[in-house]
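So the protein lines, in turn, are chains S and V. Its first residue numbered 1, the first sequence is counted upward by one per residue in the working numbering. Its first residue numbered 1001, the second sequence is counted upward by one per residue in the working numbering.
I should point out that these hints are in silico values taken from the structure, not numbers from a laboratory. Among the clues, some could well be false.
Pairwise CB distance ranges (calculated) [unchecked claim]:
#1 S1381/V x Q195/S: 37 to 47 Å
#2 R116/S x A1401/V: 24 to 34 Å
#3 E1296/V x N183/S: 33 to 43 Å
#4 V1041/V x N183/S: 40 to 50 Å
#5 V1344/V x F102/S: 47 to 57 Å
#6 P1405/V x E53/S: 51 to 61 Å
#7 D245/S x V1041/V: 52 to 62 Å
#8 R97/S x K1031/V: 42 to 52 Å
#9 N183/S x P1308/V: 49 to 59 Å
#10 N183/S x K1208/V: 20 to 30 Å
#11 P1213/V x F102/S: 26 to 36 Å
A few chain V residues that don't get close to chain S, going by computed Cβ distances all over 12 Å [stated by the list, open to error]:
#12 A1050
#13 K1250
#14 Q1283
#15 R1349
#16 E1362
No residue lacks a Cβ here, since even glycine has one placed at the ideal position from N, Cα and C.
Residue strings, one per chain:
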Amino acid sequence: MTEMVYYYDGSFEGFLCCIFDSYANKEVLTAIYRDEDLVPTLFATRSIPTDREHANRVYRKIVKCSPYTADLLRKCFLTCLPDKELYLYRLVVKLLREGPGFLRNFSDETLYPVLRAVRLLNGEAHLLKGFVRFSDLGGVLGGEIEPKNRVLPLLRSHFCARYQGEKFFLYDRTHREALFYANGKAVIQPLEHFQMAPPDEAEAHYRLLWKRFYDTIAIKERYNPKCRQTNMPKRYWNTMTEFQDETYFRVQSSPAGVEAPGAPAGIPAPGTPQGPGPSAPGSGI
Amino acid sequence: MDVLEKLTILTDAAKYDAACTSSGGNRASKKGYIGNTSSSVAGCCHSFSADGRCVTLLKVLMTNCCVFDCKYCVNRRSNDTMRAAFTPQELADLTISFYRRNYIEGLFLSSGVLRSPDYTTELMIKALRILREEYRFNGYIHAKAIPGTAPELVEQLGFLADRMSVNIELPSEAGLRTLAPDKTKQAILAPMRQIQVRGRQSKEELVKYRHAPKFTPAGQSTQLIVGATADSDFHILRLTQGLYDRYRLKRVFYSAYVPVVEHALLPSKDVKPPLLREHRLYQADWLLRFYGFRAEELLDEQHPDFNPLVDPKCSWALAHLDFFPVEVNTADYEALLRVPGIGVTSARRILTARRARRLRVEDLRKMGVVMKRAQYFLTASGRRTEGLLFKPDSLLRNLIAAERPLLPEVEPVQLSLFDSPAPV
Chain S
1 MTEMVYYYDG SFEGFLCCIF DSYANKEVLT AIYRDEDLVP TLFATRSIPT DREHANRVYR
61 KIVKCSPYTA DLLRKCFLTC LPDKELYLYR LVVKLLREGP GFLRNFSDET LYPVLRAVRL
121 LNGEAHLLKG FVRFSDLGGV LGGEIEPKNR VLPLLRSHFC ARYQGEKFFL YDRTHREALF
181 YANGKAVIQP LEHFQMAPPD EAEAHYRLLW KRFYDTIAIK ERYNPKCRQT NMPKRYWNTM
241 TEFQDETYFR VQSSPAGVEA PGAPAGIPAP GTPQGPGPSA PGSGI
Chain V
1001 MDVLEKLTIL TDAAKYDAAC TSSGGNRASK KGYIGNTSSS VAGCCHSFSA DGRCVTLLKV
1061 LMTNCCVFDC KYCVNRRSND TMRAAFTPQE LADLTISFYR RNYIEGLFLS SGVLRSPDYT
1121 TELMIKALRI LREEYRFNGY IHAKAIPGTA PELVEQLGFL ADRMSVNIEL PSEAGLRTLA
1181 PDKTKQAILA PMRQIQVRGR QSKEELVKYR HAPKFTPAGQ STQLIVGATA DSDFHILRLT
1241 QGLYDRYRLK RVFYSAYVPV VEHALLPSKD VKPPLLREHR LYQADWLLRF YGFRAEELLD
1301 EQHPDFNPLV DPKCSWALAH LDFFPVEVNT ADYEALLRVP GIGVTSARRI LTARRARRLR
1361 VEDLRKMGVV MKRAQYFLTA SGRRTEGLLF KPDSLLRNLI AAERPLLPEV EPVQLSLFDS
1421 PAPV
């Protein structure tokens, strides 16, 4: 058995191929990096091509040993855990060597880091189910989030069920991808640049109503900012309507936030893109 | 008056209601309808207000006009305040627009009594009908039953709402007589009983007919005000237990009394709301519902109030030291739940994990056990935490020290050169 560093293309299939090749070549992996994180290293390296057939074989084997681990693998792959590939690789190796018995032991040193990362992912996805804010952009709902983990696959079923008759999109600023949904179909696609369209009159009105509701519902005798921050950490506030500054509630006729002279509120000035702009859902489906 | 102004007035009047949960509903989305109630077992919080309370429902009053004159209430008829009322259409529009933008999980509709309880309930029913039938809203609705409403109307409301509640507010009949002269114990308990009986009937019907309409599928709840009257914690907790046992309530909420008005029968306006007491009651409430405790175990006639320094479970453990230490490798689920620092989740994890191998003390932290409390009360494979030294009489001190950072601080006072020295 020789020690090796593997490079793969960053996809889940690519990662499964790393596991396949490590067994095929009888090599123990000391690190698994994505191609774009390529750094010169003194260790022997190997670049692994992604082969769907190999990936399927590995995945089927894992499902056969323990469906729970397969689920854990898919979820943990979405987390922001540093070196998650290596943790998962070790988990799979241990599973294949010892069988699924150790999975019951939550404090197992191979399992625990993975479990913890998945717990954080689930926690973030659960919070975001509530903290996502949509804007009505001419009949299409649009929202933005800034999560640490790639939560869109976990949010998909929730929002698709909830707004099944609607069209909506949800943009993930951190990972530069977006979930599009229309007519019962949902896709998650990479999206490099995105700029939210300015609100029209009705949208600005409802934003203001919500802000007012939020400010009024607090009882000032019970003021407790620490408790609020524990329940709703500040990193979520950035994309939430109730914490935006005044310009967010003003009807804007141009994305720059300056009202174009002459154009009445609510009607876009000439040259402004209509609706959600280049990222209109439907274009990706 | 525009909607913004109405929303401000009617939210301001509704904010003292503690209940704001969307849990208990489990209705999947339907084709042609908007929304569902099954985002998670525990409900879904959409924001947290500046006082740290969760905002999950659009909590407003239908109107804050009221013919009643309950002394503790901001909306009583003798109070000089701005009055407003939503039309059913406005309220439905607001709800659906907020829901589409994912601001809320649904609607919490309460109301002051306009003209008569029946008239008010009819208004509420009208608003909910527009929501459910015209807008095809499939999300969560919590509706308040107003004491004194005709049973037929309560029944109609129950088929439109997911959860209903009748607020008891004052934990004793004497309190009710002096502070809420328009309400009687009978008028409060009658709709409560009706909701319970009708809900049970509806469950039976569902067994026979798959598409029978559901009556309040998420059950009912109530609210008690803490600190407006002289009732002890023991009295409140026993009342709570009775409500869970006899009325099958899903939740009892506690609301620390915020003095909104100067009245001879009420605490003065300078009194701060008893937040810590409310917190202790909620902790005890959880012990009743999920941990298999009884009210009589936690408090008794000699100790009618909770210790403000440690939580109710710790107090119980300190009074029953003979029950401890619990060996985590052999103890049953009920015994594990009695250990301070072990909750429902960590107890379940322990049960699963110990089937794989014997647990050590180091493993417990990774399972979510709060060791700063639990370490005094458990052993793992016959051993405690390395180097842990304590005697029964120093235990209370250690536990208080562990919890102190969580307690509200005593406000520091600036020292002054000219103050007379404090008596020692």
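Exercise. Of the numbered hints stated previously, which ones are contradicted by the structure, given in increasing order?
Worked result: 1, 3, 4, 5, 7, 10, 11, 12, 15 and 16
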